Each structure stands twice: as C-alpha cells, then as structure tokens.
Amino acid sequence: MAHVQEITVWTRGVVKDKEGRDVANGIAKAADKEGKFTQAFDNYVDLPDRVNVPVRKYARISDDDIEMKYEYENEKPQVVVVVDATLVKGIDVLRGVEKDGVLVVNTNRTPDEILKFIPNQQLLKSIACVDADGIAGESTVDFSGTEGGVDAVGLGSGIAAPLLGAVAKSTGLVKLESLAAVVKNKEGLFKGHETTVIKNLH
Amino acid sequence: MAKEMTLSGCAASAQAVKMAKVDVICSYPIRPYTAAMMELAKMVAEGELDAEFIHGEGEHAQLSVVYGASAAGARTFTGSSGVGVTYAMEVYSPISGARLPVQMMIADRALDPPGDFGSEHTDAMSCRDQGWIMGWAESPQEAFDNHLINYRIGEDPRVMLPQFVCQDGYFVSHIPGKVLIPDQAQVDEFLPPYNPGKHVLDPKQPVSHGPQIRPDQGAIMDLQRAEAFLEMPKVIEEAVGDFNRIFGRHYSPFVEEFLTDDAEIVFFIQGGHAATARYAVKHLRERGVKAGLVKLRFVRPFPTTQVAESLAKFKGVGVVETSTSYGGSMRGGNLLVEVRAALYDVPKRPLTTSFMAGLGGDAVTLKDFYWMAEILTNAVKAGRVGKTVYWAGLEQAVA
Amino acid sequence: MSIPVQTQTFPMLKKLRNIPKEEYYVPGHRTCAGCGPALQYKLVAKAAGPNTIFIGPTGCMYVANASYLCTPYTVPWIHSQITNGGAVASGIEAAYQVRIRKGKWQGELPNVIVMAGDGGSVDIGLQAMSAMLYRGHDALFICYDNEAYANTGIQTSPTTPFGGNTTFTPPGKLIPEGKRLFPKDPPQLVIGGHPAVKYVATASVAYPIDLMNKVRKALNVKGPTFLHIHAPCPKGWKFTESKTVEIARLAVQTGMWNLYEWVDGEYTYQFRPREYKPVGEYLKHQKRFAHLKEEHIAKMQAFVDAKLKTPGVPIKVPVPLPREQQLS
Amino acid sequence: MFNVPQERAVPFGCVTPAPIGEQPMMRTGNWREFRPVIDHEQCNLCMNCVVWCPDACWQLSENEEEVVWNSTYCKGCLICVNECSHDALTKAYELDFPDGVVRLEKPF
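Chains as they are written, first to last, in the numbering used here: chain A, 1 to 202; chain B, 1 to 399; chain C, 1 to 328; chain D, 1 to 108.
No lab work stands behind these hints, which were simulated from the structure alone.
Computed from a predicted structure; not experimentally measured.
Worth double-checking, as some hints may not be accurate.
Restricting the straight-line Cα-Cα distance to at most 30 Å, the calculated cross-link-like pairs of lysine-lysine (BS3-like) are [said to hold, decoys possible]: (1) C:LYS21 to B:LYS204; (2) D:LYS91 to C:LYS238; (3) C:LYS217 to B:LYS204; (4) C:LYS238 to A:LYS184; (5) A:LYS186 to C:LYS173; (6) C:LYS102 to B:LYS204; (7) B:LYS198 to C:LYS102; (8) A:LYS33 to A:LYS199; (9) C:LYS287 to D:LYS91; (10) D:LYS91 to A:LYS116; (11) B:LYS198 to C:LYS21; (12) D:LYS91 to C:LYS284; (13) B:LYS198 to C:LYS284; (14) C:LYS173 to A:LYS184; (15) B:LYS42 to C:LYS222; (16) C:LYS284 to A:LYS184; (17) B:LYS42 to C:LYS104; (18) D:LYS91 to A:LYS89; (19) A:LYS199 to A:LYS175; (20) A:LYS89 to C:LYS238; (21) B:LYS198 to C:LYS222; (22) C:LYS217 to C:LYS104; (23) C:LYS102 to B:LYS3; (24) C:LYS238 to A:LYS186; (25) C:LYS184 to C:LYS284; (26) B:LYS21 to C:LYS222; (27) A:LYS191 to C:LYS222; (28) D:LYS91 to C:LYS198; (29) C:LYS293 to A:LYS184; (30) C:LYS307 to C:LYS293; (31) C:LYS104 to B:LYS204; (32) B:LYS204 to C:LYS222.
This is chain A alone, in the form it adopts within the complex (with noise of 0.2 Å):
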C-alpha cells in the first residue's frame, strides 16, 4: 500500500465550516491534477456542524490507490491547517502528528505568538502563518456543499484561496500552480503565498 499523506483542517462550523471544506477540497483537488489519487470529506461524527464548534475537514493523498478510504478519521495527519486561529486554545489540533508535521494557522500574529499555545511543538518542522482574514475578507456561510451536496458558490472564494497559498508555500504538497486551476479567488491565494511567514522549528 502506498503511503497516503494525511492533512486535517481544523475549522469552526457554521461560520467557517465552508472555508475549512474548501481548503480539504482544493488540496484534493489540486493534487488530482497533478495525478495523485485523492481524498477529500468532511468529519462525519462533526456533523451537522454548529455555529462556532471545532470541525475537522480532511484530505489525503497518494501515489496509488487510498485503501483507506472509507475509514472515519484521519489517525497520522503531516499538514494541519486551522482555519481559525484560537481554535489552538481549545483543541489539540496535532493529535496523531507523529514528526515533522506542518502546521498552517489563519493569522495576523507571527508563528511565536501562536506557538505559546502548542504545548507538544516539538512534533512540528514548521509553522505557517498566514492572515488569511485580512486578504481575503469575509467567511463565506453556504450550506450548498454539505452532507455530501455540490458547492453552489466556488471554491474558494474566501480565506480558503490565501490559506492554499500558505498550504502550498510551507509544504510542497502541491504547486501553487495546480491550485491556481482550482481556486476561484487566484489573487488571494497569490498573495496568501507570498505573505505567508513560515518558522522552521528544526
């Protein structure tokens, strides 16, 4: 089986729930065209989502067939993005990193700042940080693309096209290129790219 690279985006539902999917969907996506075999869902067990609650959104990726796929949750995720940056405060958000994990953070304060609140950083190569909010503006709410249905708005058209920016910066996952051909807003994913401040950690 080949090795299937995890990613789990941590979001708040309602509010962001859209946001946190379209990162998931967009990674996903712009690996599919990189010819990867992908993944990309919701938490299940987060469902429905609530104003405000911590949902997860995942996605995976591999070089051959994900023989995982209809297991729940992702157990060893490497990149962790959170949509929402206090969410550090509440949750675990490196749960199952094993080493050398990213960690991608909607925010206007610098990878210190946030890293005050990650007791277990040592888990972590890098931190990125991003202030996806100031360049993208408004969270888009729409229900279109849950429980399964087809987003009716786009994809990222919010903070998800900055946090894809920063995704693909610190990661080498995919090509800001591959993403460019699946996000709608292409200018703030560009310069979520560019902005992005990233701190290796070792």
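Please build the complex by placing chains B, C and D on the supplied structure of chain A, with the hints as guidance.
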C-alpha cells in the same frame, strides 16, 4: 378456583392482560385483533381493570404511547394486525433498544394491496429482526398462556425486551375455544409486579433516555440486545417450567413434538394451522404414513439447537410457511431459511422443503396436508427434494 | 383503593432579579453559539422546575443537546422519534396518573413537557400532537419554532416564511423567491379543533419573563396546553449569533411574530407596538432573505398587514394558492 | 464473553444519569473566538446577560453582588455583549488571554 370459559383468541388475550394487571393500554382499531381491545375497554368501563385506556390515533401512536408509559414505569399492552403492524415499524427498534418490556398482541392479517382481511404471518414476520421476542399461539388457550409467559420473560432483569405475542387472525382470534382461566393468585405467583429498575423516568432520580451515540458505539447497542437474546433461552425454560408447575400445563419451551416417535416425515409449523396439521398427522398414520408434527413456539429467539436436535431425527421435513419473502434464498418464506441454517451443522441432515400455505388467509385443509405429505414421501423415496418451495393448492403433487 | 392525583401550582414571576437561580438545562451542550431554541429551553426548564419530565423528539434540540452520550438536562428526559412526541408524552402522563392512583409512586404529578421543533409539532409530528391535545392529557406541548428543519442542514418546514432560502427552497432563475408558500399557523391549528385545550399562547425569547410566565400558566392548567415559541436560528437564518435576541425582538416589532394568549376562547395581546416597523427591518439582518426583491418584500408586508388586523385570528385576506403562484 | 473497549461502552438501554450543575462531557469553552469581558463598575445587575445566555454561562454570584462568567462553557456568541443595558460588557479576542485554555483531545 380456575374456571373454564369459551373464548375467542382475542377475548382470551384480553383476559390474560387483565389478570396481568396492566397499567396502560393503547388501542387502535384494525381487524382482526380489534376485539381484544373491545374486551379490555369493557373491563375498564366496568371498573374491573384499573388501567389507563388510551385511544391511540394510529398504530405508530400505539407503540409510541406504550414506549413512553413503559419508560415511566408502567406495565403496558397494545396490539395490531396487518398494515397496522407495519405502520408502527419505526417505533419497534427504539423500544427494544431502550429495553422496555412492552407487550404487543398481533392477530395476523395479510398486508395490502389490495385490502385482504385474511390471516397471513407476513405482517409480524416482517418485524422479526427488531429486537422483540416473537412466537405464535395455536389456540385461544395458548394465546392466554403466552401473554403471561411473555410478560414474565420480557420483564426479567436478564432480558428487559418487548414481546410480540402472535396468533393467527380469524382462525385463532375469532373462533372460540375452551380456555382455562386460572385464579388471580396463581397469576400473581407466576408474574411479579413490573419493576422498571433504575432506568425509569422519575424526577426523584433523573436519567436521560437515549442520547445520541457515535457510529462506533452503534455495534455496542446492537450487542446489548444480541446478548440478551443469548441469555434468553435459560429465562424461557425457567418461565415455562414455572408456568407448567403453577398452572398444571405441559408446554415445551421451544418446540413441541406430536406423534414423532417413529416418524419419517414431519410438518414443521408455527401458529393456528398446527391444529389442522395434528388431525392430518393422525389420519396419515391411520393410512400407514409415518408422519409427525413439530411446532415452533418462539421464532425469536429462534431455538436453533432444539430445532436441529428435533428435526435431525427425521427423513423429510416440510416447513409450512405462512409468510412471504419475495426473492429470498428459498424462493418462498423465511422459516425454511432458518430451519436449513439450524440444520447446517448436523452430520446427517433430513431432506427439507417448504410449502406456501395459508397465504392471504387461505384455509389450510386436511387435503392440503395430505398433498404436502405426498410430496415429502416422494422426496424421501427419491432421496432428494425437487425444489425448495411448493404452493399449496396451486401445484400438482410431484416431488 | 384509588389515591387522588395532586398537581403543582406555580406563582407568576415579576422581575428578572426574582427569577429562580436554579438551572435545569445546564451548560455543556452542542447547540450553536447563540442558539435561540437552546435559550428558550433554558427558560422553559427554569420556569418548570425540578418535578418535570421532558420529551425530546428528534430535531436540533435532540441531536445538539444529546450528542455523544451526554445531555444537559438535570430533570428526566427521553428521546422520542420526530413523529411521536405527543404520543410518548401521552404514555408518560398516563403512566404517572395510574401509578399515583395505584399508590406505586408518591408525589405531585410531574410536569410532562414535549419540546418539539416545528417539524416535530406541525409537520410530521402533527398527528401525535393533535391526539395528545385532543385526549386531554395533562401535558404541555411546546413548538419551539426556528422555522426550518435545522438539524438536517436547514430544509423548509411548514413554518418557514415565504421567501426563505433553505437547502430545499433555494432561490433560482425559475423560482427567484425561494420558498413560495406562506407558513402554517400552529396555535390556530390547536385552537381550531381541540376542545380539551384551555390555554394556548405564543412567546418569544426576546420577552423572557412573559415566556416563563406563559410556561407556568400552561403548567397550572389541568389538561393539555400548547405554546408556540419563536426561537431564532443563527445558522439557518444566517445572522450573526450575537443578534439572536435582537432578531426575536424585531420580529415582534415588525409584526412578523405576535405575542398573545388564548384562554378558553378569549384573546389577550402582549407587547403590541403602537407603530409597527416595516418587515424589511427584520429581514435585512438575515441572509436567508438576502435574495428577495422588492416585490417579494411587498408581498410579505401585505401578509403581515393582513395578519395584524386581527392578530391570532386566522388571516382573512386570501393568500395566493401555491399553484397560482407557480403559474405567475 | 465480549470485550467492549471502555471508550465504546454504552450504558444499558442507552440510559445515562442526568448531569448535576454542568455537563462535563461536553465542555464548550473551546468554541470561542471572542469572549465577553465585564467591567463590574459599569454593571448595574440588570440581569440581561444572565437571562439571555443560551448556555447559562452568566450567573448571579452567591452574595448577589455581581454576575459571574463561566469560561469553561461560554461559546462566545456574545448575545450578552449585544444585550447589556449598561455597556458593561465588551468583546475581546481569545488569543489575548493566556487563560481559559480548554484543550481537548477531541472536540467533544
């Protein structure tokens, strides 16, 4: 002093429910079970039975009312027939999952379409996998007795599960027979008052009933009920043993054999048509056919061991199906599926086939049983069964 | 031997400072931040006190409150199907009547309260609710109205307002207004045909003392009672979660929601503004109405104007038939 | 006979004991992006925050002299800030506070 009355199955059921001192009854009319509720309504109106008699607005409501009442500590009774039984389908699993020992009488009726008020077991058999105890009565007497036995089993702390107490519509429910009504003291000795235990809805010791679980806990909910069914045979044996002792009856807990000592072929049957089958067996024996009868008393829990032990003794077994399972592996009903599965591990298996008989309320006559016996005899002679299902009255008797 | 059944009698509340401190719907539930239905649940539980049994038909107030094997109810609570809240409550009430009568349980008859959403009361739950009210059980049926099937992800219900964007009534080229029908009127359904019912009231989370007193008045009545409680849903109506109470207040101020009591045939009204604000004031905060054009808002205003002539009484002006609307 | 892992266990009939005072199996303080901050000087105990909190996270203190905030469960809806009659409450960004960490393994 016990007294003898001549009662229909419906009336006998009502007498048993009265003697069980139920607290809450929920009714809704549908033929042919209706008279059981008519009788109970009279008893309540006359002050002979102190119970809340609630006129449900449908079968779904009937089951919902007894669900609530049982959770609030009451002994409950409801009943239905045919499409009424299937209309209430949503509520069966919540009741068994919550471990509420409500009792429901079913007087069978064929399912629509079109309207057919005849008896057929498909209504109840469609619900057999909902976590309820299920078994049939052959006569008003057995119906009376089964209600008491089922309350005792269902309310046992090792079980705590609801019960479908079934009887054939019209044949058992409407045709009167002799019923021995015991003393109330005997019933009280056999059936202690319902003790709901710690999970009753009571403001003095508050609990939450049925919060959501995660998908990985669903199997545990299922396992709880499955384990209760594994425990149940022991409880059934105890209950039937006590019943026989207190009331002077001779029930076998799971399967009853009739004229099987040297039998080569047997009918395997549940419910009212067993009565006719007994006469058929007698007459077949007069003609030199070594026939017998094995009657099933509980289809849930299915007495796998007892069925296997009993049927392994014979050469040919004809399962009388009174329900349908369209497209099923036996192409007929579900009972042969169970029987064959029970026999699978037996080293020397009998030949088995099934007969669709009594569907839609069709009478099953002596002639029908003779026809079945001919097919079974031919099969035994040939050493093989031609097919797994024959439709009584609609096919020639060839093996 | 039959023991008489005693019931509770509650005094009315006057000031916010005097409301009971005790909570029976405690912190620790998975409802939305700013959830209107959760807010009314807290107020109802507070008003009803400890000798209460709640029946929770499936809906947000089941799934969000009773997630993952825990609940926030300090009083007995039981899940019912979304279909059968009224029937399960009937069984519980009957069980207590007979158990008290037979001496198997001692105490005053508990408050039996069904907490059903709009779907669980006037849509799929209507049959069971109506029968409970008809049969005269001493129980309170509450319809907390968040105007949609919210738990499943915001689908239209019979109380979703005209013009509401839900995932089953999305506005599109052919159907620009989203929901085409005007809502059912739950209290009128109850008042219209249930002779055993002597008390019906509407309430709103924006008027908490009024809400709690209506709960208590309902519980003081021997027999079935019905409350229709307006409970804004920040997720489904798409407004900022801090505005739950503000939106509820605006609904009353614009006439979109009317507060009244019906006591054995007599109506009294509460918090009727001298002058109503235009409905647009209410709609503008909610993105579920963001797609509406002026003509749609005018239609809604006409509906409200007609309703306000005789609040509580079924509306006299003809609402266009659904088919006619589709043709237009 | 069967080996049910503790984390998957379900009580008999799925009947659980009622909570007392709070439901610690569902701590919701980690839902907050913003928290309400009270200026007790400004507060006139109008009780709006107490009555309108859907999560019962504002309570009058034992001595009835001030209102007390429950940081373990407050979801940060800010109805209290919106409804405060005396502008005694303001919203503040959660990361500005080192306290109030409700770091859970799982979101529930």
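Now for the hints, and whether the structure bears them out:
For the hint pairing LYS21 of chain C with LYS204 of chain B, the CA-to-CA distance comes to about 20 Å; that is within 30 Å, so the pair holds. Between LYS91 of chain D and LYS238 of chain C, the direct Cα distance comes to roughly 21 Å. Compliance with the 30 Å bound is thereby established for this hinted pair. With a C-alpha separation of about 24 Å, the suggested pair LYS217 of chain C and LYS204 of chain B falls inside the 30 Å cut-off, and the hint holds. Pair hint LYS238 of chain C plus LYS184 of chain A holds up; C-alpha atoms about 23 Å apart against a cutoff of 30 Å.
Taken as a hint, the LYS186 of chain A and LYS173 of chain C pair is honoured in the structure, with Cα atoms around 28 Å apart against an allowance of 30 Å. Taken as a hint, the LYS102 of chain C and LYS204 of chain B pair is honoured in the structure, with Cα atoms around 18 Å apart against an allowance of 30 Å. Annotation: proposed proximity of LYS198 of chain B to LYS102 of chain C holds, straight-line Cα distance about 20 Å (limit 30 Å). With a C-alpha separation of about 29 Å, the suggested pairing of LYS33 of chain A with LYS199 of chain A holds against the 30 Å cut-off.
Taking the CA atoms of LYS287 of chain C and LYS91 of chain D, the gap is about 23 Å. The hint holds against a cut of 30 Å. Of the supplied pair hints, the one linking LYS91 of chain D and LYS116 of chain A holds, its CA atoms being roughly 22 Å apart against a limit of 30 Å. Annotation: proposed proximity of LYS198 of chain B to LYS21 of chain C holds, straight-line Cα distance about 29 Å (limit 30 Å). For the given pair, LYS91 of chain D sits about 24 Å from LYS284 of chain C by alpha-carbon distance, which is consistent with the 30 Å threshold.
A hinted pair counts as satisfied when its Cα atoms are at most 30 Å apart, and LYS198 of chain B with LYS284 of chain C does not qualify at roughly 51 Å. About 23 Å separates the Cα atoms of LYS173 of chain C and LYS184 of chain A, which keeps this hinted pair within 30 Å; it holds. Using a Cα cut-off of 30 Å, the hinted pair LYS42 of chain B and LYS222 of chain C holds, with the two alpha carbons roughly 27 Å apart. As the CA atoms of LYS284 of chain C and LYS184 of chain A are separated by approximately 28 Å, the hinted pair is consistent with the 30 Å bound.
For a cut-off of 30 Å, the pair hint linking LYS42 of chain B to LYS104 of chain C stands: about 24 Å separates their Cα positions. In summary, the hint linking LYS91 of chain D to LYS89 of chain A is supported, as the alpha carbons are separated by about 17 Å, within the 30 Å threshold. With a C-alpha separation of about 20 Å, the suggested pair LYS199 of chain A and LYS175 of chain A falls inside the 30 Å cut-off, and the hint holds. Proximity of LYS89 of chain A to LYS238 of chain C is assessed by CA-CA distance (about 26 Å); at most 30 Å being required, the pair is judged to hold.
Between LYS198 of chain B and LYS222 of chain C, the direct Cα distance comes to roughly 29 Å. Compliance with the 30 Å bound is thereby established for this hinted pair. Among the hinted pairs, LYS217 of chain C with LYS104 of chain C is consistent with the structure: their alpha-carbon atoms are about 28 Å apart, no more than 30 Å. For the suggested pair LYS102 of chain C and LYS3 of chain B, the alpha carbons sit about 28 Å apart, so the restraint of at most 30 Å is met. As the CA atoms of LYS238 of chain C and LYS186 of chain A are separated by approximately 27 Å, the hinted pair is consistent with the 30 Å bound.
With a C-alpha separation of about 23 Å, the suggested pair LYS184 of chain C and LYS284 of chain C falls inside the 30 Å cut-off, and the hint holds. A threshold of 30 Å between alpha carbons decides the hint, and for LYS21 of chain B with LYS222 of chain C the separation of about 27 Å falls inside it, so the pair holds. For the given pair, LYS191 of chain A sits about 67 Å from LYS222 of chain C by alpha-carbon distance, which is inconsistent with the 30 Å threshold. Simply put, LYS91 of chain D and LYS198 of chain C have alpha-carbon atoms about 45 Å apart, too far for the 30 Å limit, and the pair is violated.
Taking the CA atoms of LYS293 of chain C and LYS184 of chain A, the gap is near 27 Å; set against the 30 Å cutoff, the hint holds. Annotation: proposed proximity of LYS307 of chain C to LYS293 of chain C holds, straight-line Cα distance about 21 Å (limit 30 Å). Proximity of LYS104 of chain C to LYS204 of chain B is assessed by CA-CA distance (about 14 Å); at most 30 Å being required, the pair is judged to hold. Simply put, LYS204 of chain B and LYS222 of chain C have alpha-carbon atoms about 22 Å apart, close enough for the 30 Å limit, and the pair holds.
In terms of the numbered hints stated before, the structure departs from hints 13, 27 and 28, listed from lowest to highest.
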